[in-house]
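Here is what each chain is made of, one letter per residue.
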Amino acid sequence: MSKKWTVLAVPVISVLLGLLAGAIIMIVSGNNPAAGYMALWNGAFGDSFYTGETLRQMTPYIFAGLAVAFAFRTGLFNIGVEGQLLVGWLASVWVGLAFTDLPKVVHLPMAIAAGALAGALWGFIPGFLKARLRVHEVIVTIMMNYTALHVTNHFIRNVISDGSDATDAVNETASLRSPFLENLTDFSSLHNGIYLAVIAAILMWFMLEKTTLGYELRAVGYNQHASEYAGMNVNRNIILSMVISGAFAGIGGAMQGLGTFGNMFINSGFSGIGFDGIAVALLGGNTAIGVVLAALLFGALKVGSLNMPIESGVPNELVEIVIALIIFFVASSYMITWLLGRFKKKEAK
Amino acid sequence: MDYVIEMLGIRKEFNGFVANDNITLQLAKGEIHALLGENGAGKSTLMNVLFGLYQPEAGEIKVNGKTVHITNPNIANELGIGMVHQHFMLVDTFTVTENIVLGNEPKKFGTVNMKQAEQKVRELSEQYGLAVDPTAKIADISVGMQQRVEILKTLYRGAEMLIFDEPTAVLTPQEIKELIQIMRALIKEGKSIILITHKLKEIMEVCERVTVIRKGKGIGTVNVSETNPNHLASLMVGRDVTFTTEKADAVPAQSVLEVRGLSVNDSRGVQAVRNLDLDVRAGEIVGICGVDGNGQTELIEAITGLRKVKGGTVMLNGKNITSFKPRKVTESGVAHIPQDRHKHGLVLDYPIGVNMVLQTYYQNPFSKAGIMNYKEVYKKANTLIEEFDVRTPSETTLARALSGGNQQKAIIGREVDRDPDLLIAAQPTRGLDVGAIEFIHRRLIEQRDNGKAVLLLSFELDEIMNVSDRIAVIYEGQIVAVVEPKETTEQELGLLMAGSKKGAGERV
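Taken in order, these protein sequences are the chains called X and U.
Take the first sequence: its letters are residues -5 to 343, numbered as in our numbering.
Take the second sequence: its letters are residues 7 to 514, numbered as in our numbering.
Because the hints were derived from the structure by calculation, they are not lab data.
Warning: the hint list may mix true and false statements.
A partial selection of chain X residues facing chain U, derived with a Cβ cut-off under 8 Å [said to hold, decoys possible]:
hint: 1; residue: Thr206
hint: 2; residue: Ala213
hint: 3; residue: Phe264
Per label pair, the in silico range of CB-to-CB distance [to be verified]:
hint: 4; chain 1: U; residue 1: Arg128; chain 2: X; residue 2: Gly266; range: 31 to 41 Å
hint: 5; chain 1: X; residue 1: His130; chain 2: U; residue 2: Asn271; range: 47 to 57 Å
hint: 6; chain 1: X; residue 1: Phe337; chain 2: U; residue 2: Leu108; range: 29 to 39 Å
Ideal Cβ positions, reconstructed from N, Cα and C, are used throughout, including at glycine.
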């Protein structure tokens, strides 16, 4: 029981410490922290529009976080979520544009599946290289991020459009837009992707905890030698893990392409969602429920920060600092558990 | 008598669980004092109290007659207490010298004076007869050598009292002999030693006195000259223990395992098994005996599919299983108790119950259509935990948290339960106490009596002589002799293991 509490305590305390440090910075720089955080809260949950925006922002974070967490739970570091997300985005938009007379029940799943497939392919390459040649997946996935960025830009400019900076909007039959959710949230850009994200989180939990596949994948992640001894195919599992992780990231990209933006445009740099996914997974303890909660926090911080300069005059970069500090505190979780241990000891005495 | 360390009436509790209850241990100057107890008896707790890692609830500690409060390991170090850990605390990529001086480096203009450090290490190693190369990397030297580095580390820090935590568990018989010489040399130089062990033979050989603890309680201290192994074992376990495992004569039937002309390379690509022939019949235990590194590991890995076969065949019940994948080998009726239980035997971060289906998780009833049924898994685990006396708080406890003996019992339960035609047991009792060893030997013999074939690999001659029905001596990748335990002696086996053909029995 007490161990379970520690698991929960580390991220919660990290978030509180991060916010506290943010408050100190605001005081030092001559701002009112209460006003700043009030503006942040209002900007994230102040009314239904902002809540909708927060949930919309949370959607790709969940997918990116799940992708990182899934790989991590099976012993792999997928730093390539950003790239997998970009190719998934492109593939889904492409399919969303390519067919004009399909019914929605066929077209939308097909477009999402295309995103998953593209992300999976982008994950397969580092997985295959790791399994066959023992090339470290961190190196390959980082390089694949750049490849994805420039390949997608090329396709947008030269293949899908005629030298333009953005694609057309995807057909209505492939769109995730939801009039119902838009009405509910005062016409925010919230779309149906949020349902898919929650389903994906449940799916990841189920896959890892309840299936023989998850049993194998986690065993390989913990101890390759014992897995081989037990008759599991270690190489196949490494590839499979990267493929599934990449598919999660790819669907995250589809959420952007079919939902948030409805198209794809030339990216001069990374969207950052894939990298934030690493932080989301870390904060969420690499569990499905943890990822959902961490994604909610990140979504709220990102969306809410936009309101800070308007309402309180605090620059929204402050939130970036707070996020960085939260990650710092989670990463130094050892320090927190140590402090908790000291605290308990004193209490006992 | 002059005592350098006195631990009087020590009591240590963990959340109501009494790990040490009124234990007294007195170490005289210049003696080797054994601390004897089963796995989990409280030996480590007691030593951690002495080393300042735990604070006792009651009792006092005196060093050189003065009462001391050891609140952290640094104080223990300053008092001249040094610990040689069972699991070495060494940096693999550092040299011997770098490891020894780590945290205590001789400095020169703010940089480490490596020359001076090396000189110091050389002096120490000569003084105590600890042959090491100060410039060698830890990763490149043998386990026995690494242990010497650990000893030098404590001496470098000026230790007068040394604690050896199960030092022989990881050593080959030759290295054990060398270690015993080293300990004698240390005593000659005026050091005092506490030897934590459960190996009675070693105690009889090197120790003057022995303090026995059982289930956290101090049983007493006896002079080694006034006792014998049987007496010590019964003190430790709390009942009479038999050393020679009782068993009826084997009634071997048809051949189960037939290895013909097997050749296998080791990880470096050097041929480790050369054209090897071996037979194991139903209803017998064949013991493979040999000095470590003569191809035993490669032989077993080749049979179980973990290593590529270069040439030759492996037949099981007349079926060719050469180069089968591990799963196919398992499904053909082979079970394998691996040599390294942490590396191969268990997924340490899985609950012990989940480890019980490591090879069978994909089969009914543990899973259906790819969905695990953990209820069935834990049901099975509980039966095995009960039957094989695995002492664990629960079936959901991580395998990592169990003691070595209980981890091993769990593996044996899992492997025997599949009712294999051939059971391969590689060093099944390594690092275990007499109670557990007795249990495991009985299980192996039971398996044999049920008409199964058992292949036993061990570096302990006692074990080979006691348990096997036939002994196959391996030397440089070949079986050089097959002898019957009744018709051979340890001396003869020793010679055969060293490659001598003299007195060789018949060839298979």
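How the hints compare with the structure:
1. Interface hint at Thr206(X): satisfied, since its Cβ lies 5 Å from the closest Cβ of chain U, which is below the 8 Å cut-off.
2. For Ala213(X), the shortest C-beta to C-beta distance to chain U is roughly 5 Å, which falls under 8 Å, so the interface hint holds.
3. Annotation: Phe264(X) was flagged as interfacial toward chain U, and the flag is violated, the nearest CB pair being 33 Å apart, outside 8 Å.
4. Taking the beta carbon of each, Arg128(U) and Gly266(X) are about 56 Å apart, not inside 31 to 41 Å as hinted.
5. Here the CB-CB span from His130(X) to Asn271(U) is close to 26 Å, at odds with the stated 47 to 57 Å.
6. Judged by the Cβ atoms, the range 29 to 39 Å given for Phe337(X) and Leu108(U) holds: they are separated by roughly 32 Å.
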